[in-house]
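If you're matching them up, the sequences are chains A and B in order.
For the first sequence, position 137 (counting from the first letter as 1) is numbered 137 according to this note's numbering, and the numbering increases by one without interruption.
Offset between the second sequence (1-based) and this note's numbering: plus 1000.
Worth double-checking, as some hints may not be accurate.
[Stated by the list, open to error] No more than 30 angstroms apart at the CA atoms, straight line, and that leaves these computed lysine-lysine pairs for DSSO-like:
(1) B:LYS1136 <-> B:LYS1117
(2) B:LYS1136 <-> A:LYS26
(3) B:LYS1136 <-> A:LYS130
(4) B:LYS1136 <-> A:LYS135
(5) B:LYS1174 <-> B:LYS1042
(6) B:LYS1117 <-> B:LYS1156
(7) B:LYS1236 <-> B:LYS1216
(8) B:LYS1037 <-> B:LYS1174
(9) B:LYS1217 <-> B:LYS1174
It should be emphasised that the hints constitute simulated quantities derived from the structure, not laboratory data.
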Amino acid sequence: MEIVDLSTLPDSEVRYTEFLRQICEKHDMDHAAYAGMNPAAGTVAGFVTYDDAWNEHYQKQGLIMIDPTIHMARRSIAPVDWSRLERSPDFQRVFRDAHDFGLPSQGVTIPIRGPYGDIGLLSATRNCSKEEWRKLYTNFIGDLQAMAVHIHDNVVSSDQLTGALYHPTLSSREAEILQWVAAGKSQQDIGDILSISHRTVEVHLRSSREKLSALTTPQAVGRAIAIGLITPG
Amino acid sequence: MIIVVDGLNRHMFSEVLDEMFELRARVFGGRLGWDVKIEDGKEIDEFDHLDPAYVIGLDDGGNVVAAVRALQTTGPHMLSDVFSAILCGEAPLRSATMWESTRFCVDTQRLTRGKEKNSVSYATCELMIGSLEYAKNAGIQDIITVIDPVMDRVLKRSNCAPYDYVGETVPMGKVSALAALLDCTDERISGLREFAGIHENVFMDDEEALALFAAKKAATQSPANQDHKPLTELEKYFVEQMSAARNEAERQDVLKLIEALSDTFTPEQKIALLDTPRAFAHEA
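I would like the entire structure built from these sequences, with the hints used as guidance.
Following this line, the structure appears as structure tokens:
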């Protein structure tokens, strides 16, 4: 199943939860959650697929103040497998409660650092054997990284102030490659035309897509044309 | 062996980090003559305060022999902020699946020539393998690395040639600097492993590393009870408490208890107990 780009979902808070649901479905996860901190705008955002009962308990007990999947994971540059947090007393406190609500303590949090001190954390959990989890991990982790930056960039740029700061700038190489895509050339062709490796083309396209908050290359081309970074065809 | 130190475990490895910052001062401030800030013999910049990840190479004695620093390209990093000359003012690449690696250094004084263990070549390859595997396991697909032309040649010679470069080679200190692209694929890692003859796991976990440092301390510092009789029952008790302490608060409690019972110990014994809990624990 392909994940629907956030901007094409209806413009309300529900779309973030819907996006998280799609992530769960694609990667066979039980639940997903996003927490974002944006100090420039002074805002905190949170979207989850958990049941209301747990959300209420989590808020009432002030678990957000101690939750290590937020406070510790944000200090890592790599995804944090929750097994790394297990020994912390705060983890045991939060997940003892979570267990009573039928939530697993097996999961991963992906920290994303933005340019203005903003931080986004995408978490996903799944109740399964450790072996199965490890096997799945290798397959989903790269895609979850891309999903994490996608939801984070969308949340941050939906704020008026940071949205204005967040306008994408492409390097001339990125614009050049995107321009060739708009002209209908394949990645292989573009590599040959510019005398660069296939992987260099790929890495620049990946960067352009993420800068333009697009999940697919055609979408990135559309946006780049719309904001005048490249010309049509 | 390789350890990874980041914002989650750096409180356990502050001495290792200090040793690494000293190595960086010798390499970047001294040998390469870069314009870096050195204080107290350590090279530390603003990016070190942003919780980067350090991949650190250790020799069998637990000394830092190689190190590199990784940051996400989605947030503040060197190419977006201080190395913009390399990119000729162009916007840097930004991707959740690309990390930037900087401050790659190897201790050429401590290490030997050739390709054997404890050689510059071995330590370089081991650090490269560690960095690429750490990145790959995190779902990272590419690394953009800021290096000097010597390091670029080393990469090419080690079966690990960059697949491309971004921007220009610009003068920096006594040398120059450039930005190279490396993929974190199994092909690259196995090529590097083949070249270096390193087939085993290169990583050490936190516990193993702490044990190695305790052993190193015990060997370099004089044992805590050097001039004393064998350990008394009370000393043994403290050693046990100290090694059983699970966190800083519990360690502090043991130290307080030692203080409270200071009449029982000679001043030397007390200082030894307070100063070298780990070495002492290892002794016991």
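Hints and how they fare:
1. B:LYS1136 <-> B:LYS1117: 25 angstroms, holds
2. B:LYS1136 <-> A:LYS26: 21 angstroms, holds
3. B:LYS1136 <-> A:LYS130: 20 angstroms, holds
4. B:LYS1136 <-> A:LYS135: Holds, because 14 angstroms separates the two Cα atoms, which is no more than 30 angstroms.
5. B:LYS1174 <-> B:LYS1042: Answer holds: B:LYS1174 to B:LYS1042 is near 20 angstroms, not above 30 angstroms.
6. B:LYS1117 <-> B:LYS1156: At roughly 20 angstroms apart (the allowed maximum being 30 angstroms), B:LYS1156 and B:LYS1117 satisfy the hint.
7. B:LYS1236 <-> B:LYS1216: With Cα atoms ~21 angstroms apart, B:LYS1236 and B:LYS1216 stay inside 30 angstroms; holds.
8. B:LYS1037 <-> B:LYS1174: Satisfied, since the Cα-Cα distance of roughly 16 angstroms is no more than 30 angstroms.
9. B:LYS1217 <-> B:LYS1174: Not OK: B:LYS1217 and B:LYS1174 at ~36 angstroms, beyond 30 angstroms, violated.
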